[in-house]
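Protein chains: 4
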Amino acid sequence: MCGIIGIYGNPEASNLAYLGLYAQQHRGQEGAGIVTIDDRGAHRHMGQGLVSDVFSNRKVVESLPGSRAIGHTRYSTTGGLDAKNVGPLLFNVQNQPVAIAHNGNLVNLKATRLRLQRDGAIFQTSTDTEIIIHLMARSNAKRMVDRTVDALSQVEGAYSLLILTPEGLIAARDPRGWRPFVIGRLGESWVFASETCALDLIGAQVLRDVQPGEVLQIDDDGLATVHQLPAQPLKHCIFEYVYFARPDSRIFGDNVDKMRRKLGITLADEAPAPGADITISVPDSSNTAALGYADRSGIRHEIGLIRNHYVGRSFIRPEQRLRDLTVKLKFNTVKGVLEDREVVIVDDSIVRGTTMRRLVRLLRQAGVKKVHVRIASPPIRHPCHFGLDFPTEQELIAGRDSVDQIREYLEADTLEYLSLDGLRNSMDRPGDQFCTACFSGDYPIVPEAGSDKQIFENSVAGAD
Amino acid sequence: MCGIIGIYGNPEASNLAYLGLYAQQHRGQEGAGIVTIDDRGAHRHMGQGLVSDVFSNRKVVESLPGSRAIGHTRYSTTGGLDAKNVGPLLFNVQNQPVAIAHNGNLVNLKATRLRLQRDGAIFQTSTDTEIIIHLMARSNAKRMVDRTVDALSQVEGAYSLLILTPEGLIAARDPRGWRPFVIGRLGESWVFASETCALDLIGAQVLRDVQPGEVLQIDDDGLATVHQLPAQPLKHCIFEYVYFARPDSRIFGDNVDKMRRKLGITLADEAPAPGADITISVPDSSNTAALGYADRSGIRHEIGLIRNHYVGRSFIRPEQRLRDLTVKLKFNTVKGVLEDREVVIVDDSIVRGTTMRRLVRLLRQAGVKKVHVRIASPPIRHPCHFGLDFPTEQELIAGRDSVDQIREYLEADTLEYLSLDGLRNSMDRPGDQFCTACFSGDYPIVPEAGSDKQIFENSVAGAD
Amino acid sequence: MCGIIGIYGNPEASNLAYLGLYAQQHRGQEGAGIVTIDDRGAHRHMGQGLVSDVFSNRKVVESLPGSRAIGHTRYSTTGGLDAKNVGPLLFNVQNQPVAIAHNGNLVNLKATRLRLQRDGAIFQTSTDTEIIIHLMARSNAKRMVDRTVDALSQVEGAYSLLILTPEGLIAARDPRGWRPFVIGRLGESWVFASETCALDLIGAQVLRDVQPGEVLQIDDDGLATVHQLPAQPLKHCIFEYVYFARPDSRIFGDNVDKMRRKLGITLADEAPAPGADITISVPDSSNTAALGYADRSGIRHEIGLIRNHYVGRSFIRPEQRLRDLTVKLKFNTVKGVLEDREVVIVDDSIVRGTTMRRLVRLLRQAGVKKVHVRIASPPIRHPCHFGLDFPTEQELIAGRDSVDQIREYLEADTLEYLSLDGLRNSMDRPGDQFCTACFSGDYPIVPEAGSDKQIFENSVAGAD
Amino acid sequence: MCGIIGIYGNPEASNLAYLGLYAQQHRGQEGAGIVTIDDRGAHRHMGQGLVSDVFSNRKVVESLPGSRAIGHTRYSTTGGLDAKNVGPLLFNVQNQPVAIAHNGNLVNLKATRLRLQRDGAIFQTSTDTEIIIHLMARSNAKRMVDRTVDALSQVEGAYSLLILTPEGLIAARDPRGWRPFVIGRLGESWVFASETCALDLIGAQVLRDVQPGEVLQIDDDGLATVHQLPAQPLKHCIFEYVYFARPDSRIFGDNVDKMRRKLGITLADEAPAPGADITISVPDSSNTAALGYADRSGIRHEIGLIRNHYVGRSFIRPEQRLRDLTVKLKFNTVKGVLEDREVVIVDDSIVRGTTMRRLVRLLRQAGVKKVHVRIASPPIRHPCHFGLDFPTEQELIAGRDSVDQIREYLEADTLEYLSLDGLRNSMDRPGDQFCTACFSGDYPIVPEAGSDKQIFENSVAGAD
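Residue numbers (my numbering), protein chains in the order written: chain R, 1 to 464; chain S, 1001 to 1464; chain V, 2001 to 2464; chain W, 3001 to 3464.
No lab work stands behind these hints, which were simulated from the structure alone.
One thing to keep in mind: the hints can contain errors.
Sample of chain S residues at the chain W side, in silico, Cβ under 7 Å [as the list claims (entries may be wrong)]:
hint, residue
1, N1092
2, Q1094
3, Q1117
4, I1122
5, F1123
6, R1138
Using N, Cα and C, we set each Cβ at its ideal position, and we do this for glycine too.
Looking at chain R on its own, in the form it has when it is part of the complex (with noise of 0.2 Å):
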């Protein structure tokens, strides 16, 4: 997953990219960059790591000129942890800075990609993104929106994206409205983000959603809706509202905590835990999740465990991982909440199950009698091709196990899940307007065998 921020018509454009940035610094925690264009060019900072360590002092972002930006944090899907491959990609199309930040994944990419290296392109990067800026390039349009357009019309998947140019700064979004994408104003300039989130930080005033299909531009004449791309189903990334967006956002038209909580409240009709003594939450993820179940279920809500703030950059030796540090550096227990009691712990979703197997252990150490896990979404059995960066079917716990298996591997009394039903039914639209395939295995697209990422990535590999 990615962030991606964009501001046009403001003095303080890099500036507010980068606080952009740091308030959607949880949808991608591997790389951080921004980039201006103003009558000298193109300019940018990038760098691996958090966003506060790449705009380390106010001198970087101030060597960024121009009132006109767009920033990217990178959470790695395709390409690798490469410094080249963090955004926004920087390119010279036909003489002209053109810089990119895409927040979704393209797919099937194989036939494209060849077919534009056979006629001489040269690829510098090893991203799903730079495929836009090779269809770009070789575009007769004039306009590079147009060209955008062009090239848009020959890739699939799910893309929020922003494009700086010269020109001006283009918006598009993928016609199923895969990843969320807003508009907003600050005074008389525009900003464009991966959640409403960033433009609270900045003071910006909400406007409307990029549309699904909607290709825009913003120039000095304001804002313009170019093209309409072919129209296709909706379908929003569900997980969006189950983990990844922040909680104090709005994306499709719903707080994210709000319908957080109808998850945990759902949760508690399925699966209730009816001897237990305290409901707790796995900080801060599930916090609201877990603060539904304990309304609905009547289980009282307790402090039982204390995320670490410094956990940050701690190293560990590989055999005391075995010892459970790693978990007890990131999570504290308050054993005076938990000795001798009977614990509901809410969590929002199990990927690998080793963090909430080292949980429950935890628990028991601080002497809880018995763990019930409720999850407040279905298991997740199968990986995304959309953004998410889940592991392979097999890493997935729940793609090779019972939900009964998973229960004895972690150690737990009682482990439930919420239904899909369940999870759709909380949603406030209907519930096949959302990409469930994660849970489902029912993708919207089709992703074709292999993966283009292999093929290239083997052939460059930095020393840098």
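Chain R is already provided as a structure; the job is to place chains S, V and W on it using the hints.
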């Protein structure tokens, strides 16, 4: 405040010390260091910043050999931010390396310091701690532990001390027991720490507290209490319970979390908020007190503020700070929870009031109708001379303003503090066994006028 | 100017390349890089600064595995100081990694570049070298070496090229033989370098020059000359003998030191200094020419200037520069040698004249009575378009001033240059086999007006 | 060895001190530092490495305010490589900052050190210099300069000392005048340096030497000689002329370059090389001696070895060192000069012999027919206790081997040294005014057995 850790008789001593510092990171974020002593001499690594920054890779820890280590996380009280003031301090006494880690603060040193200088003592740091070393160096006793007793007989104030020498590991605590200090065992090895959470992390068992006034030594013959300093009335720092210690620690004989919940309960009794819809905390420091308040008052607990986990090192331009960005970067509001509600916000304490003022504004921006501020401790009116780094009376908002003036400054609808009696009576041991000087101005030791600190710091300014 | 190195078939390839770059450090101090290719793909490390800074520890070199390597030391001609312009450049052509290291400069690229961009080519760097790669990517030939021939048939200028691909190591030299380029053997492995001094350092035997116009490939079947480009009159850069190459190298068939001494001898014949007491050099560049002058003229050689070996990175405040500090930091005068003497100072060439002006002053301060400046090459009046980074005509002192004006500017008593005929006649091969454009303005290829460089560099400015 | 610099009464004091260190870089490459003192206190910057590394930007120098500065370049004699041993050392004596920079070495400190420790002195460094500070701190005198006299009356050995206090700048030199030490003036301000080359660089005029045994102070009343220590026979270090001092300096009353040339002349008389074709030097240290030899002997001087200016920090793999790479990286041979010649190579001295052995091999590889090694000083057979960092007798090749054995080890055809009488008689002042202990074993002060250094260094090992 500072956190200290000591390990004796473990081949992984430096690594355990590192983890012990890590667990006590909340006690000091300005610097960290570890000293080990083995047959080849003393080995030291220290630096400014977080434990994970100072010990940023395994090699640094592994470069500290030996089975005996002491560590220190620094939170400056006396001595400037100079790197050489970061503990543990390491000295050469009688051709022996002597390392010292100190939590607390000595007082009334002026005469002693002048006497020492007149005798030719050359001070290396601007810390209070170094006085002890000079007194040890001038003692006629033979064993280092006896020199330590000599030295401690000539100073007063708050100290939990670890002194590592080739002869063994010395631990000492001031007769009033101001700061927490605990002994544990990990297999055959000995562990000392400020708080039990450090023992928990490395899997050590809690044995007992270092007793107030006790001077003990661990050597290859085991633990021996070498000396008991003249008894004084106990004066545990009550603010450790209010804010400083980690909620999952046990100090002065009680669970911090449990005591903090009792403060919330007493606060609910003393200062109800009849019309309020929900109770929220300021995560993560006041979580437990807020739960106590919510439970007792029956006003539902909600998560209205979310703490940003990445806030660490972000820079903000001065003009932005005016726009409340500082607090917005640190906390996100959950509008769905807050909008159109009447809210009780419970915090543990107020020092300068700037953060709470910004939080109140943030709540209003999120649509809160009424804000009731409830503080789970009395107004802080006086500086601490025993280890807490409170500002001067003029900078303490309650040092200059009445509660009503503070309420006005905070722009809150109501503001109530826990009473001093309420605080004392919430404790499980008699209230007069606690130092409450920051609330009451009743200093167990009257500090001399002027400050040693100023005299010395002016004379040496490092450009390093 | 740049230095290049290539290794084929040696398990220590990256390490030998590092040493080869080190030996050729004088050919480029702005950046250095090495690329290796093995079965896993390409591996690259590069950076700005000296070879010893970029490859500051063994691990970096060892992280470049494989038995085939090319390396490059950079001295910017086209392309800005941007790190990504540091060679060897690495591209992905038809899903194969292709690395290229280039010494020289292509000219008259504008039309080709525009054509490529119109076809959708996306340029990654602002170097002339990248054109070759795009031409290769668009070739219909199958083997990379044949694509190279296709590409080189479409460009002109000066180039000694090394191209590393999974198919083998390609070497090519422009038909005029502008820059030196030598093949050597180290046991069973092959070595390519700009100068023989690189072969000497690693103990390789010199085999022969890469012939002007030759395109060859080394693969596991050995060396094969694949193509011979259409013949052109030879135009070796005569300035390599005057200043650029290392005195212990053998280039264009002759020892540099020997040729440089001949320049000193001819200079003594053309421009004697009858009353002078001693001859001194400007260490270390003009040592040999000065010895030649001293021997021929009979004016005793002395060491009057000593070069400071630590001058590397010293900073100087602007106002200090006015006080001749720059040259005083670099050179020390030996008063005992200089005082009350009449001195001939021999230098190899004068570019801007600032250093010589300061040296003359320094000599006067040391008590020299008369200063006779003798230059072992003609006045440099024209910029170089074939690889040397001379400034514009207006910045070249001899581009705007007469010899007498220069003498006045230098504050020298007399000033004489070697004549162009004297220079040509000192060579062991016919004088018309050399490019003397910087002295004569007689360019073997007339460069087009304007500069590709400017067009492109303005559009992308890195803040990295 | 070390270099020292002092500035009094100049607003650019730290900057001048930086330049003065820079000029004296050859006297110590392991570390450098500057201390200034102004009304606000003392300011210090120091670090390991070259002056240009430690003071790598203007800001660092500008962060050292005030008109009084002392500086030090370190070349370890006593004390380990620990950063805190880098001078100038800075102490707090009687609540006053006292900085000290020392060139030379104190001897026979053991008893004094033990006495101080018994009295409670805590040593901060493992340097001999710190003893002086502790003696000053214990003196009953009031002024720091009188405390200095007290302290110096209790120690012996070689010292040129600068001590900076809020009261003024103290300079002192041991009664034997072991190390050079000069006073200069720059306008109204005072300058002190080890060598005159430092004064030359900053444009200061040489006034006179600090006299042997003189203790003087500069304060706002100007220079006053405060004390004259009891006279001793002069013992200037003759090795300063042989190798250590910069050729353009004037020390002990004579030009270094002039004395070095006389050594070459005497060597030519004592040790001719009849059949030789050319004389070469080992650049840059023996250039002058070689010129002297060439002139006197009539054997033509040539440049056969070129020193690589970039050798600084290159790493070499251990197995490569065996292949003579170390010396090949440092020196290039000029084959055209050397091939088929019989060569005299003149060097200033031989310590371990490894470099000369490798040079002889390098010459042979370049085709030299016969190698005659001539050394412009006698065999070094004994360690220095007065400031030079020679190895032990066992490591000194002439400490264990005869001249003929050394010749065999060097693989030279002939080897001859200057005689001790030849050395002494080349001096302009009586030969008994020089310390020649390293050649003759005749120590002006007999050093006590054992070494203070070892005792202390074992006890504290920094991991910083």
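So, going through the hints one by one against the coordinates:
1. N1092: holds (5 Å)
2. Q1094: This hint holds: S:Q1094 lies near chain W, its Cβ roughly 5 Å from the closest one there, short of 7 Å.
3. Q1117: S:Q1117 check passes; min Cβ-Cβ to chain W is 5 Å, inside 7 Å.
4. I1122: Because about 5 Å separates S:I1122 from the closest Cβ in chain W, which is inside the 7 Å limit, the hint holds.
5. F1123: holds (5 Å)
6. R1138: Hint holds; S:R1138 Cβ to chain W Cβ min 4 Å, cut 7 Å.
When the structure is compared with the earlier hints, no violation turns up for any of them.
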